[in-house]
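**Q** Sequences are here, hints too, so could you generate the full structure?
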Amino acid sequence: MRCVVGIDLGSTTTKAVILDENKRTLGRGITNSRSNYDLAAAVARSEAFITARFGLIRHKVQGKADERTFALLERAFKLEQMLHQLTRFEEIINEELQARPPKGLEKDFVEAVQTIFTRIREAEEERFKQSDPPARSDFFRDAVGSAYTKVAEEIGDPTGVSFDRLLGLYDKCIITVENEPLDLGFREHIGTALERVPNGECLREGVEFAVATDLDEITTVGTGYGRARLPFPKEQIRSEILCHGLGAHAMFPDTRTVLDIGGQDTKAIQVDHSGIVTSFQMNDRCAAGCGRYLGYIADEMNIGLHELGPIAQKSRHQVKINSTCTVFAGAELRERLSLGEKREDILAGLHRAIILRAMSLLARSGGVDNEFTFTGGVARNPAAVKALRDLVSENYGDVALNISAESIYTGALGAALFAHEVVN
Amino acid sequence: MTRASIIDWARTLFEDLDFGSVRRWLAENPGRKAAGYLPVYIPREIPHACGMLPVGIHGGGDHLEIIKGDAFYQSYICHLPRSVIELAQSGRLDMLSAVLFPSTCDVIRNLSGMWQMLYPDLYVRYVDVPQVLDHEVGTAFWREEMHSILCGLAEVSGHMPSDDDLRQSISIYNQARSEIRALYAMRRDEPWNVPTEELYLLMRAGEVVPVEQFIEMSRAYRKAAVEEPGRMRDNSRVVVNGSFCEQPPLGLIKTIERAGCYIVDDDLLLGNRFLTDDVALDGDPLDALASAFIEHSCKSSVIYECRQDGKKKLLAEKVEQAKADGVIFAAPSFCDPALLDRPMLRKGAEASGIPCIAFKYAENSGQFQQFREQAGTFADSIKLWGGQ
Amino acid sequence: MHKPADAGRSERDVYKDRSMVLQKEMIARHFERLERAPETKEPVVYTFVPGNLTELVRSFGCLPLLPEINALQSGMRGKSGDYIAEAEKAGHSEDVCTYVKCDIGMLKTGNIGPTGTRLPKPDLLLLSYTGCYTFMKWFELLREEYDCPTVFLQIPYQGDGTLSPEHRKYMEDQLRETLIPALEKVSGRPYDEDRLRRNLALSAQAEDDLVAVLHSAKQKPSPIDAYFGGVYYVGPIFSAFRGTEEGAEYYRVLRQEVEARAAQGLGPITPDGPLEEEKYRLVFEGPPNWTSFRDFWGMFAGEGAVSVASTYTKVGGTYDFGFRHDPEDPLGTLADYCSGCYTNLNLPGRVDMLVKYIEEYQADGFLINSVKSCNSFSAGQLMMLREVEKRTGQPGGFIESDLVDPRYFSAANIKNRVESYLQMIDARRAGKTA
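Residue numbers (numbering that gives the first Met the number 0), protein chains in the order written: chain P, 0 to 423; chain W, 0 to 387; chain V, 0 to 433.
Please note: incorrect hints may appear among the correct ones.
As the list claims (entries may be wrong) - One-sided and incomplete, this derived list gives chain W residues near chain P with beta-carbon spacing under 10 Å:
id: 1; residue: Gly68
id: 2; residue: Ala70
id: 3; residue: Arg81
id: 4; residue: Gly90
In case anyone wonders, no lab produced these hints; they're calculated from the structure. This one's a predicted model, so the numbers in the text were calculated from it and none came from an experiment. Glycine residues also receive a C-beta, built at the ideal position from the N, C-alpha and C atoms.
**A** Written out as structure tokens, the structure is:
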């Protein structure tokens, strides 16, 4: 099967999209961005191919296997990947302990590390047995980080193998394991994953088909900036503005204005009827009002990022926030709380302030034209979406607002579409 | 009238971003027009003599949400022009028939050009205030400029003023300036009787009502201030410098006072008292106005300092006149005139042994904790370790 | 793009034509003279590029020194970052113009100029208040440092788009009443109008040649880059050499070189060698960034983008719409000259100029480099962007950087915007023909 790949190296996450010859999406992959760009791209690509192959399985066993079993296979696969990487992580930590043994405590550390990893493995196996485990981040770093910390807290001894020193070990080694190429591919782990699935036989035909099928990557186009170099040859790089515009157009063909609020920048893009960018404005020098800002606020309030929007929506009396400076976010928040303002009111004000910044950028780029597509992590925040709807309607009248759960892949999709153009 | 009722009147006008008082005046005076002006200095006598109501445009403060204004300006430009454009684009300035832009800085200067492009049917005039304070050359130039503005505004208002009209306007504004000087003197001598918050509100009100009314209310306030004295506190006396264009939020003024300072001199809304002495009422009125500017306009960051050691001495002089203990430099972020002047002024002040602190604000600064701490510490340190 | 034939050169060497060599020598000689001024007693007059009255200053035998040029040179040589830090330590705000801070920092660390020679103190500060408010503060600051005589020359802004007779008279009056007497005092010589006229005639000559060079960009391909290359072309006429024999000679030579390139259909010389293929013709608005000048140029040249016209090359005088210094009316012509400098033109006038350039030079688009330091240029550029797009139908690119503060040049962000903009032009072209 011939396919093309688009890769988007973002500031927070790296995404990959695979399209077939007819521009249909075969697979999507996402991973957290890291210092080794080649690897981040490779991991995202690999994940995309994995989902593509899972797509092949599903196609093959349609009607012959139920959804539950299929979902279990996916979870089993992820578990195998996780265990494989855990083993490597443990190896690296032990190598570190050997190279730089902590004076007088070598044996204690080795034991502690063994305990931690054993418990993490147990926890993972337990989680796999649950039929509906709580949602969590799929990224290795996130999942393992919190698990490691939890156990370290339990077993840490301030007079010896302390929590702090255990965390120090983690910090040192996580970067190594993340930036090392590792075999987490489909063919490597699908076999052992299948073995974990009761009634897995009904999927065997599909698995074999997926393993055997050649997915020929004809060409790849990459996008993303902020790097000295991207891990692609020059001819295969497209500006992320253009990728984003084209991607949004593919998702919503009637879109004319696109707003993307990412982790640390905001883009306002105008496109024509064929998805070609006619003008754009960026706010890339300051993270105010972007995803990272919301992250700081969430940390300050000790709540999850995904809780910000729902809490803000409870507000009955919005507080006016004048500045979305990330550096002062904490101080401003504390001052307001100390003045007696309610959390939800402050948050409502914050969301409006963020969207006001976006509105300025949109105005600079040429306004908001029907239809209007909103992408990026912040687009998943219901309070932000509401504020945007209100402000757009107040200032530009009746404009259709498009939001997609897949919008994080917009740039990668656009890159893949450019790749498709190159081939045809 | 009581102090409270006067201040309520002033506060309502200050908070009214729709310029209701101007609209009412226009409705009550059919056929007459209103002329807006930006900071810092425009000779208000000129539009007044043409039968117009001069209206000060000082931005939207901290209650105006900027939606369109930010589209016109990059982040490293001060806040004032954003809110001014916001006011204009939201229709709040549509009752003005003319807008005058003085040569305060390059941002205001370029704003005049933007205004020309946004509102091609409006009378827009950029005014190069004389920097050369030479009697012959400068006066001739400034007289010519004012004459040109006069002719332009006369066309808009439909009334070409006679010399007597001009003299009358000059006379009224002499009175207004005299009132302001009296208020400032009163505050300097007994600051507990004239809180800066109240003085400021009164002056802001004066920017949107007929000058005659301002004079009346100012007199009433001075009377009330005597009849209802405030409680004397052991505050430090400070001069505030840098707030002549983009105004600080009211909260900042209140914060400085509550932190233990009496503001005994400042450059807030400086344009309303730019001429420091009465303008002569004899002879050619435009000549008189021009001479007055050349001979006795106040020192500010927007006019060239022709004395060699002028910047060095300026704050020592102000501090001495106001019998102050220290200086607070409070300027808007990105304000070229104030921030470029600051090192010279501060150096001079500190060389004279005057304690100083400095901070930056925006007209829409929302929280004042850091100002409160700085001002409070400053007031305390003056008390503990000396001032004048 | 080929590397220079001379393999001994380093990669970072800029190709140098004879005109560039001439210019380098001229500048070196001038700085040597400046260094010796305390001994030779040649009076030194500090002044600004917009509204620089070199002909007049030189007619008194005085040497002009331009702090702006020192600042930009410091930027190009990687020194400005430290200078700015010095100035900020001394109490200057992060928010203000980095030219000023660079100059103050240079002053405070020994006043060694960009060519490595010590700069002389001013005998006179000629505060030519043209097109920029910050100039006032700059020389008020320098006056404090040097305690020397200062003359303020107020050039009224062209608020209505024209120079009124009253404003012209005001400038002439100031020249007569304040500047000339001050120059007489400082130089010990009487005003020599004949000498001034001779200088003005030399200026007019040089201006003819410069305009021919600028107009050559109307050709396809353009033999010059009118922005990055343009900075070198206007150097002499904006600084100490307008109205001099060597200045006139430089422009003669430059014109010949450019006409020769044009005749052969060659593109401009860039830091990486001659431009092989002109892919994009752009009009530029705004000053360049100096601290990453070559890299910034490379972002365009590397993609085959050439500047065919720029507004920055008019800050020291606008000559391509007919104005020439006129020896017949020495003081009046100086007033006309000052008034016509780009940053003294009103916003509608600037928009008109950009529109005209886009049309006359057949540009594919225009690019605005908005610099943090310069409110005179920057305040209003977002509106200009939309206006020019509306009137020409051509796309505008918008990037942000600074004059000489290296902290404000983010190569990655700027490259992203530039590449996106150029790809956008490509996509539009492809879309149009499809």
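**Q** Hints first: check each against the structure and report whether it holds.
**A** Now the hints, each set against the structure:
1. Gly68: holds (8 Å)
2. Ala70: Interface hint status for W:Ala70: holds (3 Å vs cutoff 10 Å).
3. Arg81: holds (9 Å)
4. Gly90: violated (13 Å)
In this structure, the one hint that does not hold is number 4.
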